[in-house]
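So the protein lines, in turn, are chains A and B. Numbered by my numbering, the letters in the first sequence go through residues 8 to 412 in order. Numbered by my numbering, the letters in the second sequence go through residues 8 to 412 in order.
One thing to keep in mind: the hints can contain errors.
Copies of the same chain look alike in the list, so a pair counts if it fits in one copy or across any two.
As the list claims (entries may be wrong) - Here are the computed lysine to any residue pairs in the SDA-like style, where the Cα-Cα straight-line distance is at most 20 Å:
id : residue 1 : residue 2
1  : K377      : V59
2  : K410      : G109
3  : K294      : A282
4  : K410      : P42
5  : K410      : S341
Hints are computed from structural coordinates only; laboratory data are not their basis.
Protein chains: 2
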Amino acid sequence: MTTRMRPIRDTIPLSEARQIIHANITPIERVDHVPLEAAHDRVLAHDVVSTVDVPPFARAAMDGYAVRAEDTFGTSRSEPVVLRCVEQIFTGQIAERTLASGDCAEIATGAPIPPGADAVVMVEETDAGGQDVRIFTPVYPRQNVGRQGADIQEGQTVLCAGDVLTPAKVGVLAAVGRTEVGVIARPRVAILSTGNEIVAPGQPLAAGQLYDVNRFTIAALVERHGGIAVEYRTASDTIDDLSRAIEECLQDDVLVFSGGSSVGERDLILDALAARGEVLFHGIAVKPGKPMAFGRVGGRPFFGMPGYPTSCLTNSYALLVPALRQIAALPAWSPRVVTVPLGARIISTTGRHQFYTVRIEDGVAVPAFKSSGDITSMSRADGYIEIAEHTDIVEKGEVVEVKLF
Amino acid sequence: MTTRMRPIRDTIPLSEARQIIHANITPIERVDHVPLEAAHDRVLAHDVVSTVDVPPFARAAMDGYAVRAEDTFGTSRSEPVVLRCVEQIFTGQIAERTLASGDCAEIATGAPIPPGADAVVMVEETDAGGQDVRIFTPVYPRQNVGRQGADIQEGQTVLCAGDVLTPAKVGVLAAVGRTEVGVIARPRVAILSTGNEIVAPGQPLAAGQLYDVNRFTIAALVERHGGIAVEYRTASDTIDDLSRAIEECLQDDVLVFSGGSSVGERDLILDALAARGEVLFHGIAVKPGKPMAFGRVGGRPFFGMPGYPTSCLTNSYALLVPALRQIAALPAWSPRVVTVPLGARIISTTGRHQFYTVRIEDGVAVPAFKSSGDITSMSRADGYIEIAEHTDIVEKGEVVEVKLF
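So here's chain A without its partners, still in its complex pose:
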């Protein structure tokens, strides 16, 4: 029996892996047209130019009385001027008459200023009795008046291609009367686990079998970061089945396979990838997560994630998420960080950049890492610390930056 195991002898540093991935992906150019109600957190495909003034009329910025400002000059609480209220203007209405000198009009915040008026006295500075309104403070022209187009002017570019539609930016679209908008399509990410031992949850386990974990963790992460997770059946460890699986996944934008990039004889993903496309790297100097491959196939990026759940997930955070966000035209993302002392000494592997999962307990980072095969290494952790390639020991009490999941 001849062994054909292929150990990963040459690994590349994490930074180099990032560069290779970065150089081999491009943002999606397809555009979805979505209703405003579904536009939040999407990426704008085109500049938006307003076709209206917002507000479309000069309006009261306060509840009070619309006046001719000059009628109020010199007035005071002790010697108030008295104006005659000729109209009441609510929001959604327009004035019926032009204000003459000595007149005022009761006006609600947001209602259109009547012709003739040029300022608003706030209600707190007035006292009304019948039609007579005593004005206690002078106002200058345009005081408490929002001018037409003060917020947005017709012809103004209000949003730019590439803007992420935050709640406020969705509001801008509504303000200029848009009901739908063109946004960058979410990348479709084909997710597939490989391995004869991998069985979908819900089926009984035969001897030597395990439930698929990676398909679900990768899908959850993809959905969080702007992608559409397209889940495929598990592929078995034959070149034929893997090639067929790659073929099927080429209808999507990104391929993410897990398992089969280690050194076992049956780790055939690399062969299948090389036959149909190209392998750009295999093996990175990280721990866990060394057996990872990246390449291109049919013009699409192909991520060969490690099979072990923790390795798969930390590499997904470290390499897949940044790539996916770049493909989705989303801005770079960085995890939230808390800075706390380490609760126990960690011995690391020099020569490999380490992702070490920790739990935060009473303000201290406690190691949560069991093994790269253990999903509980991550599920019980709050985040991870990164230990540089050349560091071999992180002492208890040392202050570390925990990146939260």
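Following the hints, position chain B against chain A.
The following block gives chain B in isolation, referenced to the frame of chain A:
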């Protein structure tokens, strides 16, 4: 003509508003049963106890050779022991024979350890020629072996009620074979704008009318923070129409109306709310956002947000989001913060807690606030600073914490 404007004379501090809201909301108890593919970022309704060991068998933690550890004691690169390879065990398979002394079995990472073996020698420490395998390093019993149940044991509580299903926690559910899971239902948030002047985007604007903004900004924020935005038609400014609108919205969990809580005569929301439920506060000492009401109706929290877009949105961030997350059983959320010097002096209103929108330009926080009526006060901002009630001036160059949208 008698004016019936009702100025807000008594405002309560922001902290008190928060307490009142907090005391008057309760988490949702309804449970949704969702497939694993849709479980990410949801809140677990019940503890999850594993019905299986993970892994369900002892397995190789490395590619290499399964051995009886004692056969390797004393071996070295210069004087290797030679074992006879009797089998090849791939993942997804089980061994066909029991390992005798002097035997080894080629084994892939993750494959079940054959009976008789108790350790694995990694492939890098071996050299195979035909059936003979030279072993260059000793291994101790259980070395490079993942024991059955090492990750998760049958009967173990793997996740707890209230856990947010991060990608890793979704992975745990998959690992124990779950295909669906009970999660806390997302609160249904009825969102409705009031005001005769408010028109839905897509319709032509008559004189004095404006497009609805708040319905869209609130909906976007609600969807970001675990709620389901249920959007209702705009209600007009009559007690009848507002009462009817409240009635319709009582099929949802939370009511969020905007507009109509200021002082204008037609601001009838408070009357409609008081008639059907109770007003718990009206008016808070914040700027912008003073005209905000909160109450209860039909056992549900009722938020009367200010009508002005910026006021409505800052109050939504400050008060609605924390409340919604509590109702959705999600953990408290805090915005990301960047600490930068202020680019220009800001004069604030003492006696009111101020939310002041800023843009970050070249590492400096530049004022972006125009007016509380202007949606561009927020859409062009990156975040906001908070200015305490008793501060009147924040000087240029002072270092401020910008909370990012």
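Structure-based check of all given hints:
no., hint, verdict
1, K377 - V59, "between (60 Å within a copy, 19 Å between copies)"
2, K410 - G109, "neither (66 Å within a copy, 48 Å between copies)"
3, K294 - A282, "neither (29 Å within a copy, 64 Å between copies)"
4, K410 - P42, "neither (35 Å within a copy, 29 Å between copies)"
5, K410 - S341, "both (9 Å within a copy, 16 Å between copies)"
Hints 2, 3 and 4 from the earlier list are contradicted by this structure; the remaining hints agree with it.
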